[in-house]
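**Student:** If you read the sequences in order, they're chains A and B. Each residue of the first sequence is one higher than the one before, counting from 7 in my numbering. Each residue of the second sequence is one higher than the one before, counting from 2 in my numbering.
Some hints could be false.
[As the list claims (entries may be wrong)] Computed beta-carbon distance windows for the label pairs:
#, chain 1, residue 1, chain 2, residue 2, range
1, A, V295, B, E97, 25 to 31 angstroms
2, B, I17, A, N83, 56 to 62 angstroms
3, A, K108, B, L122, 27 to 33 angstroms
4, B, P145, A, E38, 50 to 56 angstroms
5, B, L122, A, V295, 49 to 55 angstroms
If you're looking for bench data, these hints aren't it; they were derived computationally from the structure. Cβ atoms here follow ideal geometry from the backbone N, Cα and C, with glycine treated the same way.
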Amino acid sequence: MSALSTKHLISIKELSTADIETIFNTADNFKEVINRPIKKVPSLRDITIANVFFENSTRTRLSFELAEKRLSADVINFSASGSSVSKGETLIDTVKNILAMKVDMVVMRHANAGACEFLARNIDAKVINAGDGAHEHPTQALLDAFSIREKYGKVAGLKVAIIGDILHSRVALSNIFCLQKLGAEVMVCGPTTLMPKYIAELGVQVSHNVREALEWCDVANVLRIQLERQATRYFPSLREYTLHFGINRKLLEAVGRDITIMHPGPINRGVELNSDVADSSQSIILNQVENGVAVRMAALYLLAN
Amino acid sequence: MNTERRLIVPAAQLQIILERLCEELVEQHGQFENTVLIGLQPRGTLLASRLHQILEKRIQAPIRFGVLDVTFYRDDFRRRDEPLIPSATHIDFSMEGKRVVLVDDVLFTGRTIRAGLDALLDFGRPERVELVVLVERLYTQEFPIQPDYCGRRVNTLAGEKVVVSWKETAEEDNIWIFSN
């Protein structure tokens, strides 16, 4: 029997509400651990974890690595740049070679949606999705919801607006599933060109007016404008995006409600979020980063069970 | 499953045992200036808080008290059928140089205590560690671990289980032996 209903952590969609609660309750205990003078426990002493990153990452990768080390696991890191992937090795071959070195768990980020699901079906090790294309980023959604729960004591009944590039965002999709499972109401807000076509089918409200979204919500989760994916010109210019969708102090004061501001990072300061908001007391962005380690420790610990 | 239970220590007697354990602790630790009381989660904490109450009343001074969860330090992780779900740890002081009294309800294999010693060291280097248990099951220890203060020693069969129930969670303070 396992503590979770799934063997891998590929998506929030496949998790049950009870699974999410179990992860949160365990993360509470790990949060206490990482605030001790000695921030380490020996739970995963005999486990080896490979962090396999086919896409760039700072936060997620450091957060996973720290979580693994705080659990005393042995860690190996792999990144696609500078590896044999550039010589044409396939995904399965790459990972099977890593597993031949007796690895128990794989944390993978990949540019293609479904890559982790594919891997989980083809190898014996447990797989944790650290972001697959525009599909899901489950641990980010878990740490976001955990941070909301920490601030408000609950998630159910809260109104959360996800603002920005919904189309390219795996964070948005995982967040929608996670928040809905926990009983929150979700609104997505962004330019029409950055909104997936049938997003309302997921039971979320859709808005194209950031002020309307801010007037409605308790929590605003602001997403990054993915500058690297703007080759096709989803909006005329960054300045225009900032003018219509950027969040600054003046706008928040005009809305006049005490909204919690979140951002999965990295922030484009002055684009989607102004520094006078990102660094204010309303922002829980750095709490999100701290909670990320605790939540990832919980996920790793429970999956290793 | 047909479970049979047998009362080995009734409430009145349990109270006498608790008071005796406290007297023994006071004999060794006096006013508890440099001594802390640590209950092991989940089942040792109720005993620890009970001893804490009696001791504070007895010496008329505050005693530092914490609860410690050892789940992440267990050596049987992944070797059990059911998952190990952790409880909370609350220790808001350092163990550095302290005399620590670890409290658990039943000493069986000694593995929880071993994990507890590991967990304890993550809060600093104590000057000395002592162990209080309410029940010591004889000849079942798998580690060289013995209590310094012991409520009751009992001889049990391998399939039996010793359970301490407290009035906070059950109707009365009692110690039972369950056998299948």
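**Student:** So which hints don't hold here, by number, going up?
**Tutor:** As far as the earlier hints go, 4 and 5 are violated by this structure, in ascending order.
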